[in-house]
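Engineer: Following the hints, put chain B in place on chain A, whose structure we already have.
Sequence order for the protein chains is A and B. FYI, in my numbering the residues of the first sequence are 1 to 838. FYI, in my numbering the residues of the second sequence are 1 to 301.
Think of the hints as simulated: they come from the structure by calculation, not from any bench. A couple of the hints might just be wrong.
So the derived label-pair ranges between C-beta atoms look like this [unchecked claim]:
id	chain 1	residue 1	chain 2	residue 2	range
1	B	F4	A	M52	45 to 51 Å
2	A	D100	B	V223	52 to 58 Å
3	A	R159	B	P295	21 to 27 Å
4	A	T228	B	P295	36 to 42 Å
5	A	L364	B	R7	42 to 48 Å
6	A	T228	B	K205	45 to 51 Å
7	B	D71	A	A755	37 to 43 Å
8	B	I281	A	G363	48 to 54 Å
Source: prediction; values computed, not measured. Every residue gets a Cβ at the ideal spot worked out from N, C-alpha and C, and that includes glycine.
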Amino acid sequence: MNLKHALSRILNPRSRLDKLPGFADALEEGQAPGGAISGVRLRDVFGNVPLMMGLFIVLGLLALVLYGPVWAPQNPYLAGQHIVPHMDWETREFIRPPLDPSPEYPLGTDQWGADILSMLMHGARNTLVACAFITMMRVLLGLTLGAIAGWNEGGGIDRFIMGVIGAIASLPLLISTIILIYALDIRRGLLVFIIALSIIGWTEIAQYIRSEFLVLRKMPYIEGARATGLNGLQIAVRHILPNVLPQLLVITFLEMGAVLMLLGELGFVGVYIGGGSRIDLSEPLGPTNIVTLADVPEWGAMIADGFRWLRSKPFIVFPPAVAFFISVLGFNSLGEGLRRLIEKRMVSTAFLLRKRMLVVIGGLTAAVIFIMNNTGAAPWFAKVAQAYDGGRVYEHVVALTEMEGRGQGQPGGAEAADYIVKKFEEYGLEPGWRLGSYNYPVETTLVRPLTQPELSLLDADGNVVESFRHQLDFGYMIEGHGGSGAVTAPLTLVGFKPGQPDEWDSYIGLDLRGKIALLVRGNAPPDFPTEALIRGAAGVLWVTGDGRDDVASQIANPGGESLRSPTLPIFRIRPSIAQTILQNQTLTQIFAEELPRTDNWFTRDLDASVRMVVELGQPVETEIPNIVGYIPGSDLELGNEMVILFARYDGLGIDPDGTVYPGANHNASGTAVLLELANLWHEQGLDSRRTTMFVAWGGAGLDDDSARHWLEDAFNFRHLRTKGTRANVGPSILIQLDYVGAGGDTLLIHPDSSAKLADLFEEASQETELIVQRRADTAEFSSDIITRRLPLVISLKWAGSDVLPDEDVLENIDPAKLQIFGETLALTLTRLARETSY
Amino acid sequence: MLKFLVRRAFFIILVSIFIVFFIFLGMGMARNSDLQEPNFDLVAHSLTAWTRTQTFFDNARQGEWGSFQSDAGEVPLTEFVREAYVNSMGLLLTALAGSVIVGLILGSAAALSKRSSLSLLTITVLGISAPSFFAALLLQQGAIRYQDAFQQRLVSVAGFGWDVEHMLLPVLVLAARPLAYLTRSAFISLDHVMRQDYIRTAAAKGLRRSGIVLIHAFKNVSVPMFTAVSVSLRFSLSSLPVVEFFFAWPGMGLRLIEAINGRQAQVVAALAFIMGLTFLIVNLVLDLIYRLIDPRLRTEE
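The shape of chain A in the complex, shown without the other chains:
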C-alpha cells in the first residue's frame, strides 16, 4: 500500500470490501471500489499551501509544547536573575538587565535577567495548553447549546439561547473578558481563564451549529431515522453530528487562533494567567504602590512585562508577539486549508466518532493532564527536591557517627569539622568566614575529666549498692565552686519554702558539715551551692529535669565564673536517680511533710550515703570550629535576605573510660541533611535568589548564646559576597535541624516557630505526605535559638526522638525518615530560595 492509499484510507476510511469474497478479484483488475470518487489526491493535500503551512507550524508548536522545556538553554523557573549590574570598563557602559541580544542570550534577557528564548520555549506549554483547554470548553459549550437550540427550533429553549447569544455578542468582547477574569479572581490562575474565555466565546460556534442543525433536521434521511424509532439524542449523535463534524474541526482550529489572539491581547493590557506576583513597594507613609510582576514564563505575561520596556528595549516584547502571531497564523491556516480540502473532497470524518476514538481522546486527555501537572514552577521545585538522596545522607551520618562522638576539643570533633569543611568545598559553597575560611572559631575554655567521674549509692557498711553512669545519669558542673573532689558522705535533702528571700541571713542555723546536699532545681536558689560550701557541705547533687542534655557534664561555662577555689564536686542528676537514692520515699512526699513545719528552709537527713568522685584536668583554651558556607543569592534585592540552615555537628564525645556517645540522631543527622542540601543546590544548579547559608554549629553542651550573638551581629555578614548591596545582608530566615533521623512518625515544628515558615513547611509536607504537627514534645528542643529577637525561625525534629545519649546510635537512624524529611525541607527551601514572596 503506497502513501496515497494510506492517506486515502486515513482521510476516508471505508468498509474493507476486499475482505468480501469475490472482491479481491475486482481489485486486481484495477477497479478499486469507489476509488475514483472519494480517493484523496496527493495534490489536494500537498498543493494546499495553507494546509501545509498550518500543519508545519502546528506540529512545530506541538513539539515545542512537548519538548520546549527540554530544549530550552535555561530553565526560567530555576535560573535567571543573576545578572549583576556592573560597569563594563572596555566599553565604559553600565550593564544591567534587560540585556540586549548577544551570543549568550540569543533574544536578550528580560528585566530580571532571564533568557527570553528560554522563557518563550517554556511559555509555549503554559500558553498553548491553556489555549487548548479554553477552545475545548468553547467547542463543547457551543456544540451542546447550538445543537439544543437547533433541534428545538422556535421553541422556548431556542429563543432563550438565541437571546443569550445576542446579549453576549453585544458585550464588548475584550472588556467583558477582563471583567469576568477579575470578577472570578485572577489569582486563581488557569481555571478562571478557561471559565471566563469560554463563557464569552461559545456563541459563534453555537450559532453555526444551530444553523447546520436547522438545515439538516429537515433532511429526508433524518425523517427516515425518526421513522425507525430513534430518539432525538440518537439522531443528533448518529446522523447529524457526523455531517457537522468536518466543519466543526475547521472551526476548532480557527477558534484556537481566536483564543490565542485574545490571550495575547489580554496580556497586552496586563491581564495574564495568575496575574503575576504582587509586590508592595509602598513607602511607610507614601501612597500605596503595588506592582505586579510577571514571573511565570507565559507568552501573555511576557508581553505584559515587555510592554513596560517598549520604548527603550523593544526586543523584549517582540519575541512573544511574534510567537502569538505565528501560532495564530498556524491555526488559522490549518483551519483554512482543512476547509478547502473538505470543500473540494468530501472528507469523511466519521472515524472521529468511532469507539476507538474514545480511547484516543482518553489518551490525549491523559497527556494534557500530564502536561498540566508538569506546568509551572512547582514541578521543577519538586524535581529538585526529589533529587535529594537519603542514601547519601545516611552515608554522612555513618561517617559522622564514627568520629568518637565528635567531642569539642577532642580529636573526633576536629575530624568532624574537617569532614564538613571538605564537603563544603566539594559542594562549591563560598567560605562564610573572613579570609576565605569556612572555619569561624569560637574561643572557649574547656574542662575535661582526667578519670571517669563516679557517682555511687552506698549502703550502711560503705559497700556500693548502685553505680550511676556519667553523662546518662549524672554530670559534673564547673560553674561557681564546682570542680574536682572525691567524697563519701551521708545525704541531706535541703528544701526551701517557695517565695522566700535568698539572703545570707536567711540560712542562719543551716549546718551541712560532712554531708552531701541534695537540692532540687527550681526549688533551691540558683546560687545555693556557694552557700552550701560556706555551710560546710562536702558535695552537692542537683536534681534537674529528665531531658537528654539536662545532666550532660558542663565542660565549659562561657561568660560565667568556673572552678572557683575552693572547689567541691557538684553533680546534676536526673529525678529518676534521685528516686533510686530516696528508695521508698518521694521528693513530693518529703516536701509535703516538711514544708508546713518551716518558714524558710528545712533539712532532712536521708538514710543513704553516696560517693562522688571527679578529677578534672586543667582548663584548656580551645578554639571550637563552626563551619560556615554559603551560596550567594543571585537577586539584587532578595540576595540581601539570608536563609540560614543550622545544625550542630559535635556531641558529647568520648569519656575517659572509653565510652563513646555517637550522637547519631543528635546531631549527626541534622548535619548530614545540611550537607546533602548543600550538595543538592550544587548538583541541581538551582539559582538561588536569596542567599543560602549552611552552618554546622559546634556548640553542643556549651550554650546557644554565642550562636545567637553571632547571628545578631551584622558585622559578621559584612564580608559576604552577594550580589545585593552588601551593607544590608543579614539573616532573615533560620531553619534549625535537630533529631531529624530517628523518632516517631510525626515531625514536630516547634510552636514558637514563625507561623509563615511553618505554613510553608506544612504545605511542602502535604506533597511529600509527611505528617507534621506544631508542638513541642519536651522542653529540650534546642529552643534557645528560637528567640523573638531573630527574624523568621523554624525548628524541626521528629517526635519522640529525645532518647538518652547511649541509645542515640547509628542503628536507630531510619534512612526513610532522613529521606522524607530532607525532601520536604528541600521543597520548602526551593521556594524560599526562588520565590519573591512565600
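Structural biologist: Relative to chain A, chain B alone:
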C-alpha cells in the same frame, strides 16, 4: 414590520439592562476579589448589582450620570463618556469605511481578474491572523526606525489628534483585520457569484462585462458583504481597546481599561452601555438594510 421593530426594541432594552447588570456584578465581584479573603456570595453580589443597575437607569433617564473622581479631579461622567465616544467613533468609522472601500475594490479586482487567487487568500489569512498589538508594534517600530534613520518625523507614534499624523497608525492597525476579512469575503462571494448560471446567461445575452458585474453580480454580493461588515464591526470593536491602549488614544477602549484597573464600576458601566447600545442599534440598522436588499427575508411575515 412594526411587530419586528417592537420585538427588536424590546430585545435592545433587555440586553442593555443585561449589559449594565453584568458590568456592575462583575466589577463588584472584581473589587471583592481584590480582598485578602474574598466572599463569593453570588446572591448578595447580584442584589447589590441590581440596585446599582436601577440607579444607573434612573439617572440615565434624567440624562445625567453625575460625576466621578479621577486623577484630574471630579469629572462629569456624561461629558466624559461623550468625549470618549466621539474619539472612538472617529477612529472606528474611518478605519471601517477605509477597509470597506479598499477591501471591496481589492477583493473584486482579484475575483474578476483571471489570475490565480491563492496568493491573495494566503495574504488575507496572514492579515486576519496578525493580532492588532503585533501590527501596532510593527508599525510603531517602523515609524521610530524611520525617524531615527532620516531624522524626520513621519507620523506620531502615539497620542491624540484629529489629523493624519496622529490618526494614521491607529487607523491602519484598526483597519488591518477588517480589511483582510472584507477583501476575502468580497473575493469569495464575488467569485462564487461569477460562476453562477445567471451570470453566464447575462453574458450570453450580450451584456457588457461591466454591466454584468455592476447590476447582476454586485446585487447578489451585497448580502454576504453586509454580513462581513457586521462581523468586521465586531472585530474592530474587540481590538479597539488594544489599539487605543497602545496608541494612548483617549477613546472608549482606553477609558474602559483605565476604569477597570481603577475599579470604577460606574464609569465602566456607562462606557460599556453606550458601546453595547451602539452595537445593538447598528445591528438593527443592518438588519433593516438586509430586508431592503434581500427580498427573501421580507417574505417571512
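Engineer: Hint by hint, note whether the structure agrees.
Structural biologist: These are the hints, each one checked on the structure:
| no. | hint | result |
| --- | --- | --- |
| 1 | F4(B) / M52(A): 45 to 51 Å | holds (47 Å) |
| 2 | D100(A) / V223(B): 52 to 58 Å | holds (54 Å) |
| 3 | R159(A) / P295(B): 21 to 27 Å | holds (26 Å) |
| 4 | T228(A) / P295(B): 36 to 42 Å | holds (39 Å) |
| 5 | L364(A) / R7(B): 42 to 48 Å | holds (45 Å) |
| 6 | T228(A) / K205(B): 45 to 51 Å | holds (50 Å) |
| 7 | D71(B) / A755(A): 37 to 43 Å | holds (39 Å) |
| 8 | I281(B) / G363(A): 48 to 54 Å | holds (50 Å) |
Against the hints set out earlier in the document, no violation occurs for any number.
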